[in-house]
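Chemist: The listed protein sequences derive, respectively, from chains A and B. Taking the working numbering, the leading residue of the first sequence gets 1, the next gets one more, and so forth. Taking the working numbering, the leading residue of the second sequence gets 1079, the next gets one more, and so forth.
Keep in mind the hints are simulated off the structure, nothing from the lab. Fair warning: this is a prediction, and the values are worked out from it, not measured in the lab. Worth double-checking, as some hints may not be accurate.
Over the 10 angstroms line for every Cβ pair with chain B, so calculated as not near, a few chain A residues [as the list claims (entries may be wrong)]:
| # | residue |
| --- | --- |
| 1 | His320 |
| 2 | Arg328 |
| 3 | Asp442 |
| 4 | Ser541 |
| 5 | Glu588 |
| 6 | Gly648 |
| 7 | Glu687 |
| 8 | Asp916 |
| 9 | Asn920 |
| 10 | Trp990 |
| 11 | Ile993 |
| 12 | Ile1007 |
| 13 | Leu1063 |
Not everything, but these chain B residues come out facing chain A in the computed CB check (under 10 angstroms) [said to hold, decoys possible]:
| # | residue |
| --- | --- |
| 14 | Asn1212 |
| 15 | Glu1244 |
| 16 | Leu1412 |
Just so you know, even glycine gets a beta-carbon here, dropped at the ideal spot from N, CA and C.
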Amino acid sequence: TDCAGEEYWVDSRTVYIGHKEPPPAAEAYIPQRYPDNRIVSSKYTLWNFIPKNLFEQFRRIANFYFLLIFLVQLIIDTPTSPVTSGLPLFFVITVTAIKQGYEDWLRHKADCSINECPVDMVQQGTVVRTQSSKLRVGDVVMVREDETFPCDLLLLSSSHDDGTCYVTTTSLDGESSHKTYYAVPDTMDFKTEQKVDSLHATIECEQPQPDLYKFVGRINIYKEREDPIARSLGAENLLLRGATLKNTEHIYAVAIYTGMDTKMALNYQSKSQKRSAVEKSMNAFLIVYLCILISKAVINTVLKYAWQWSVDRDEPWYNHRTEIDRERHVVIRAFTDFLAFMVLFNYIIPVSMYVTVEMQKFLGSYFIAWDKDMYDEELGVGAQVNTSDLNEELGQVEYVFTDKTGTLTENNMEFIECCVDGHVYIPHAICNGQILSAEHEDLFFRALCLCHTVQVKEEETVDSIKRGIHLGKPTSFYISSSPDEVALVEGMKRLGYTYLRLKDSHMEILNKDDEIERFELLHVLNFDSVRRRMSVIVKSSSGEYLLFCKGADTSIFPRVVSGKVEQVRAREGLRTLCVAYRSLSPVEYEETCHQLDDAKLALQDREQRLAQAYDLIERDFTLLGATAVEDRLQEKAADTIESLQKAGMKVWVLTGDKMETAAATCYASKLFRRSTQILELTKKRTEEQSLHDVLFDLSRTVLRQRTLSGLSVECQDYGLIIDGATLSAVLKPSPESSGSGNYREIFLEISRNCSAVLCCRMAPLQKAQIVKLIKASKEHPITLAIGDGANDVSMILEAHVGIGIMGKEGRQAARNSDYAIPKFKHLKKMLLVHGHLYYVRIAELVQYFFYKNVCFIFPQFLYQFFCGFSQQPLYDTAYLTLYNISFTSLPILLYSLIEKHISIETLKRDPTLYRDVAKNSLLRWPVFLYWTCLGLFNACIFFFGAYFLFDNTTFTSNGQMFGNWTFGTLVFTVLVFTVTLKLALDTHHWTWINHFVIWGSLLFYVIFSLLWGGIIWPFLNYQRMYYVFMQMLSSGPAWLGIILLITISLLPDVVKKVLCRTLWPTATERAQVGRTAT
Amino acid sequence: MMAPSYNAKEEDGHQPGATGHGGAGTMTNKKPDNTAFKQQRLPAWQPILTAGTVLPAFFVIGLIFIPIGVGLFVTSNNIKEFEIDYTGVDMSSPCYNCSQSYSWNNTQSCTCSVHFSLDQPFESNVFMYYGLSNFYQNHRRYVKSRDDSQLNGDKTSLQSPSKECEPYRSSDKPIAPCGAIANSLFNDTLELYYIDPNGSRTAIPLVKKGIAWWTDKHVKFRNPSGNNNLTVVFQGTSKPVNWRKPVFELDPLDSDNNGFINEDFIVWMRTAALPTFRKLYCIIQKKPNNMTPTLPRGEYILEVTYNYPVRSFDGRKRMILSTISWMGGKNPFLGIAYITVGSVCFCLGLVLLSIHYRYGKRNNSAEISS
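With these hints in hand, go ahead and build the complete structure from the sequences.
Modeler: Okay, structure coming up:
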């Protein structure tokens, strides 16, 4: 055991309560150092903000690229001043830094208020008030009612005599029910400051870990001249930071985990790193543009050296190099030239794109949170956006994986009937006193009244409960984390057996003769999703030991030795729970206790050992009967599913429930129709036939249909049902044959041809496995998972988009999701409206950004052919700098925020419109190519238009000539107007804001140009733009030229749009026309 | 209460959970405002580009552009322009000798006379240009080789010109005006003579005023102030290497046209956009009586003082005479482009019209039936 003890020190900690050393005999006092209770959620301090923030920002590849360009500009003699890239970069970095700084300041403030929050600490037998941050591991604290726990505490004693206290963990996991926490019996008498100060004990427990619901530890209590007592500690003893004490006057507890070690702090670390498909396309486009950029620079460098081969071209008499330049080696010169070209063309990858995309996502997500259609009056919550990075992914979903209970259904259980020994009881019928006295009937009802973890609301007194029953008032005063239990207990109440309360570990039941029966609650074998059952061990007043167990039929039946198993049949759409019991002899009970205590005391692998113990205890049952609980479908669930299917999404239901119930729900929610041919891939079938044959059978059925469907008009609709066991067989890699991958493929092939798939009997991890399987299939579809419970978290995290429902089973799903909505029906608006709109918006944003920068930079490339490849910029520095950050930035940002190419009503009414944007259709290569070609065409028009206008002639009425800056300004003016008007042509939704921003930004350009050329700027060393813009505007042909070039540039796009719309209209375009027609 | 403080999400792109923002997510959930903006229901004009709506626009554009184009084309055609190359590349050309025997150090200038005849009389004001080809005024090294503050009359810049002017920054004293542009000032002198039918030569008066932008002459280019005597002002500076005269003696005839505000100099300093360019040399003003044309048809002699070497870089020098309309010099491009675009629009309008009739109906009916 010494060795084992050694091990503990590695991954466990020892806490000395009140910092008292253990008696020398017990163990060695090893002072350990723990962090103080200071919460540090901020990233920066005043001193490290600038370097750390800069470092973090420049780790981003884009920022780093611009920094490189900027440095190159500083070092070599470049065509454009470093300001042109330095200023936008500085702007972007500053804006980001300010935003992050502000957020960090908020965090500092929050940290500060938390860290300075007063805490009552027990020192030398008195209560001392200190700041929360001063708390250390081992300190004993007193917490009063409605106070929040300052750190993770181990409950020592409470003002309640039974050593319990009530806690809500709303701020942790959203569950508003009161949970009961227990003090170890040996410490619960230390109820005053003085007493608690005299407590001499150490606690061994595991090192901090983020799981909120797990804790293992052991407390050693030393008493004078007695052997130390060891007691096991579990999650039920641990009070978590952030939870609030309720209905308990005060408690004493000892700090176990402090500061950043608390479970809450460990839990709020960032989790998901999901990238949207749009972002991937964007990165691919960026790489293309980077290649274009590099090849442009290479081409120009090569041409430059070819062109200036002769000295008279390189250095004509009027344009000599400096001596230093001349002495440079030709390779260095060529390299410098290459870099200079890179600098000249670097604007093709716009620094502002990232900022705009980020702002779009950030600001755009507010529309989701603001949507009143997704607000639920009952719950008082609206949609929540946990990450704004995936807004557009909502418009790309191809597979929807939904949980059943609580997601498709209300999770509002109603007890419908029960069946004891084949007799069916329905609550209303029984009121007439028709109860048949069956063999196990009494026991069955008692079992249901005892075997649960329901709490009774404290406010209700026993008397009032009695009164309620007699008055027939439907008082609902039971609270539980599982709605089934409440439904069952309430159902029992209607059948005459009322559970009153748990007092002094005695459960009190009011039976139908109005007598109170008391059972001593000895052990609770809690429910878990692996076992799918729970048990209690009670001692009746007659001294009999009884083990009651209730659970899913599959988890009970194998353990039943007697009872009429065949009588219990699942009813359609009802959730069935079986109840069984076993009576224990005192010897058996002792043994059971021993097993349980052993497992509970274990410090390592406690979970596993508990499971083993449960497995041993829960056996040899006698079946009592079964209950049926109905779970109603959520409002508009069927309509939502129908819309999603019409929108081209495949809806899969993944549930832990059994096949019959789940299938019933699927029919009710119109996932399966009457015409749907159901293909079963279940354990039952694979027992008859080998998995191999079944799979091939099904695939043949499906494929035959597909070959026929070319001819037939109406194609057969298939629905697949698969259960967890078969699924794991399908997915199991079998070493002996190469068939495993094959099975997988066949399964995918079958499911691909099914309009709906139901997976029942799924373990939480299997849900994630399915999502992963589909994600990795060869089309790489975009998946969405939606669920409400903790068992859906894994699939929510796995899917491309995870949506949590803020349901009854706590907020764990909502917390881990990317978006959270109150009800399943809101998914329709989320995907069909918001997803569609966001996708269209961001697709245009991305394409437009590349387009406008091709238009911007390509003329500059062309100009190199006419200026001896000398890297002479076409545009003035101010224009180069401001093009992306002010002249053309706002209209596209606004477009990407409020564009609505089609009305929200139409989108909702016609789900098929969603197919128009499916599979990233607006960002595929042909579309990208079209935009790029349009950009190149426009650039050529700008440049050569201006070229022919300038060709060796004047276009002023006083005969004076214009120079190269006028040339550039002309091109730039046409450019700014064209790209802005192109966006105006793409805008389908002109609110006053659009008018304001589009015309405003054009006006801003004109005003800026007038001002920029209007005065001699005192601090600039060049005045090249002086009066250039005004002179240009004073010339009639310049105006005519600008109008002409803008017209030519926009013409092809308009023609293309009109032709496509008329000849090959998409559904969206038809709907748009329909809208105006009506 | 504490949850928001933990939204310490990374903002940079690499970190896990870099995603996002705490904004909407951590907002206390209260009922959203029912405002038009927040519910995305702002009243809006919703135009759609269909064949039907675009059609009229195309016809209108066609109908407006074609007349404008015709007008521009006619105007451009009415402009008279005469161009003569006097580089002297051919043995037969009169300036051949001058172009061959060129050296910067020549103190005596080489002159040549080029004969030409105008077939048509040039009415109104005639503008005389010199044109250069294959001359890269837009080369980066060249464009930036100037000091605008020196040219604006700044005294410190006069004494220590900008680094950009290298290698034309200083010889032994600082050069004024510095830089490659100034150094390569076009210095041929052109004179025009009309040969009367009786054989006598009449010099045609060439006016140098008004060839540079007004703002350049009066604001952007300034002589250093302080003294009316430019010789004193420019003391301590040296002339550009290739110049024969210092900057303050550029125009011996007009004292207000010396120094940095010399109009020929200003015209040259506005660097051309393309390697083949022309620059305004002077204006031949119309005769006051208005009875005879400014340049009647007949024989002319162009007297060239040949100073400017272009043969080394394969350049060409031209003299251009041109009249000017409201739309500037002769440039058929704009007129032709307008006519073309106008007709294309018109044709597209017709095509769309037929498409609109054949397919538009079908789509509408399909819409209704669905």
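Chemist: Compare the structure with each hint and give your call.
Modeler: Cross-check of the supplied hints:
Some Cβ of chain B comes within 10 angstroms of the Cβ of His320 of chain A; the nearest lies about 6 angstroms off, and the non-interface call is violated. Against chain B, the non-interface label of Arg328 of chain A holds: every CB pair exceeds 10 angstroms, the least being about 14 angstroms. Non-interface status of Asp442 of chain A relative to chain B is upheld: no Cβ of that chain comes within 10 angstroms, the nearest being about 47 angstroms off. Remark: the non-interface label on Ser541 of chain A is consistent with the geometry, its nearest Cβ contact in chain B lying 45 angstroms away (cut-off 10 angstroms).
No beta-carbon of chain B is positioned within 10 angstroms of the beta-carbon of Glu588 of chain A; the least distance is around 47 angstroms. For Gly648 of chain A, the non-interface assignment is confirmed: its Cβ lies about 17 angstroms from the closest Cβ of chain B, beyond the 10 angstroms cut-off. With a minimum CB-CB distance of about 44 angstroms to chain B, Glu687 of chain A clears the 10 angstroms threshold, and the non-interface call stands. The claim that Asp916 of chain A is not at the interface with chain B holds, since no C-beta of that chain comes within 10 angstroms of its own (minimum 15 angstroms).
No beta-carbon of chain B is positioned within 10 angstroms of the beta-carbon of Asn920 of chain A; the least distance is around 19 angstroms. Non-interface status of Trp990 of chain A relative to chain B is broken: a Cβ of that chain comes within 10 angstroms, the nearest being about 4 angstroms off. Listed as a non-interface residue, Ile993 of chain A fails to keep its Cβ farther than 10 angstroms from every Cβ of chain B; the least gap is roughly 7 angstroms. Every Cβ of chain B is farther than 10 angstroms from the Cβ of Ile1007 of chain A; the closest lies at roughly 19 angstroms, confirming the non-interface assignment.
Residue-level check failed: Leu1063 of chain A sits 6 angstroms from the nearest beta carbon of chain B, not beyond 10 angstroms. A distance limit of 10 angstroms between C-beta atoms decides the matter here; for Asn1212 of chain B the minimum to chain A is near 9 angstroms, and the interface restraint holds. Interface restraint check for Glu1244 of chain B: the shortest CB-CB distance to chain A comes to about 5 angstroms, inside 10 angstroms, so the restraint holds. Restraint check, Leu1412 of chain B versus chain A: the minimum CB separation of about 6 angstroms is within 10 angstroms; hint holds.
Hint check: violations occur at hints 1, 10, 11, 13; the rest are consistent with the structure.
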